[in-house]
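Following the hints, complete the assembly by docking chains S and X onto the known chain L.
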Amino acid sequence: MTPRESDTIISAAAGTNEGNQELRSRSELTAKEVMREVGAVLRMSEADAALLAEVEADPGEDQTMIINMGPQHPSTHGVLRLMLELKGETVLRCKPIIGYLHTGMEKTGESLTFMQGGTNVTRMDYLSPLNNELVFSMATEKLLGIDGDIPERAVWIRMLLSELNRMSSHLLFMASNGMDIGAVSMMLYGWREREVVLRFFQKVTGLRMNHNFIRPGGVAADLPAGWRDDVMSILDMLPDRLGEYDVLMTNQPIWRERLQGVGVITQAEAIALGATGPILRSTGLAWDLRRDMPYMHYDELEFDVIVGSYGDAFDRYAIRLNEIRESMRIVRQILDRVPSGDFRIQDKKVTPPPRARIDESMEALIHHFKIFTEGFKVPEGEVYVAIESPRGEVGCYIASDGSPTPYRMHVRAPSFVNVQALPHMMRGGLVADAVAVISSVDPVLGEVDR
Amino acid sequence: MGVVRNVLDDGLEGLDHNFLTGRIEDLVKWSRSRSSWGATFGLACCAIEMMGTGAPHYDLARFGMEVFRASPRQADIMIVAGRVSQKMAPVLRQVYDQMMEPKWVISMGVCASSGGMFNNYAIVQGVDQVVPVDVYAPGCPPTPETLIHAIETLHQLIEDGEIMRRRATSGAGANVHIQEIPAGITTPVILGSR
Amino acid sequence: MTIEETTTPVILHGCLLGDSRGQTVLFVPKSSYMSTMKKLVDDGYEMCVDLTAVDFLTHASRTLPDTVSPERFEIVVNLLSLSKRERLRVRVQVSESDPSIDSLFDLYPGTEAMEREVFDMFGISFAGHPDLTRILMPEDWQGHPLRKDFAQGRIPVQFKGAAS
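Protein chains in written order, with our numbering: chain L, 1 to 450; chain S, 451 to 644; chain X, 645 to 808.
Excised from the complex, chain L in its bound form (with noise of 0.2 Å):
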């Protein structure tokens, strides 16, 4: 009995065995199937993508081994499985299978009103949960016809708040990075500082995470007093902190050596693939949604797109790095320009009376109750809004028919799409490095699979 056929049988008695969805062994494919997974995106046979990637184009059955990485590992950043085929040590072939948190969020959300709509899509990418309950937020005011109309003051506490989620998310990245790579003192250093982004955000919007602070209209609530000298705080101590992870690990040789020249994807296969954020900005093309189709008010602000050049794992890792500083002089910026005002638009059929308005007036109980039990109406029709997350481009796609709840709501996450790309940095590197590829991507299983 081949090991192959024995793993067959003891993965069906368990019940994982993925069949089709599994990666096959090369006698069993099409020649068009080896393709996709090969060199599908250069158009190219598999003979002239092994010579690029300096691999044998038709190892020997004997010689190859198909292993499977997952879904429970420490370094697969969530429920990813990764069943790869090596030579050696050799990455020939890599097939990621998802699916494992697959939590039906988008049918869930046809049932949820559009209030109730942010807890739901909060969850996908829990990591970046503002810039989640952002997008479904916009796209559900531009339904209404509400998009120009939303409060200054709501839309600079969206503009803050999301930037400080994508200070938190980078943080993360660079601990488990980190502890990926193997410095795993960069797991307690990262969450060090992450700690204190969460907690301005506990301060604000009451949960550490997944907050459904950003609702259609505006925000949920006012930002308390002495934010700003919270946010100054935190401005204050990142610099030196990030000076340290410099010379801990960038200049250090062992995590250039680890990174340079790993997972290496050009421009062309970027785009071909759809992948957006850091891994497309690595490959040396400019495109961030805040500069390029700005939304809200990124279009007055001044930073700087970081972009890498050689489209490899460092770049990544140096992008994510840089964009922290970004960000932090992105919201020193917002810091002066908050307005006074309202934080939510003062329309009585999307937003909730303040509670002690419902003691005085029967009007305000009633649109109260409405809102909170049936749920604002939202007039028919279909809109797809995108904002920069983390990640890269996450968009909401919803299409309503005229009730409270959404007809079909669909999330373009990340995430989804960046993962094709695994397969093609992975190809021709190491074992070790498909770990530190996996890192370099950085994605969120929770909105891969939603």
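One or more of the hints may lead you astray.
Derived lysine-lysine pairs resembling DSSO-like cross-links, with alpha carbons at most 30 Å apart [said to hold, decoys possible]:
1. K792(X) - K370(L)
2. K377(L) - K792(X)
3. K203(L) - K348(L)
These are calculated hints, taken from the structure and not from any lab test.
Just chains S and X now, with coordinates in the frame of chain L:
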């Protein structure tokens, strides 16, 4: 130095107040609770809070749990952190089966305890459909303080021996429900009563 | 959806161009799907950011331009032009009796996972896709969850949800 002098003068009779006596059972339970290693089973958002609990601010190392073993053969406590989907359930069971006795399961978060806000086709409505659960920790996600409370409750029960008794009576998990500790409130972590 | 009532309908590559809350929508018939998408690639829409579907089983009376005949399924493709900084949405009607359409894999390899997801969730097959298998559900799952005739799968609980 007095101890050494006593021994040199009187031999073994000189040794006094230097022995601790106890039952092996108690020693084993004490060491099990103070040095339990968790199996990494972080699935979704709760995994981030679990990592945050291991991080410097909340520090699981002071409870002996900073080591999260990837290999289930070397792990004692499986903290199921996150929502378990239909595809993941057999994997969960397989990892649980690979753990060596004695093993305990903490169901972290509402999705693991009951399916949480996702009452639909895709999520197993409670991890206790798949593995026997000892402690249920509520929260979405539970704050690190809640998770530490759950872990410490489990540790206390291990040290008492209570957990083995509960399991023997129920035939499954210990079914301990703890109260959520909201974030930002500085209360001491209340351990279970003896 | 609100369609701008102009005297002459705007036609792009032989297909009707519409407007939805300020966003440009192209209604492409299934028969000319591949050829139109090829022309859009040449027009400068380098990236396909999203490919999804909608099941209009319980909302068959949706607003569409007169020349477009509604079907049960609709494939929605969102394209992005990096050079022109523009987005375009393509909507294709797919009937229930023949739930299949051409695959965009050869034009945009990034649609591979997106089309697999649509296949898994809606049951629409893509001709020419190299690996049309389920992606989110287990391999032996029966049914297509995002179809409107697939129940949400709730278990009964003691309290009533707000939106039940």
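Hint check, failures only: Result: no hint breaks.
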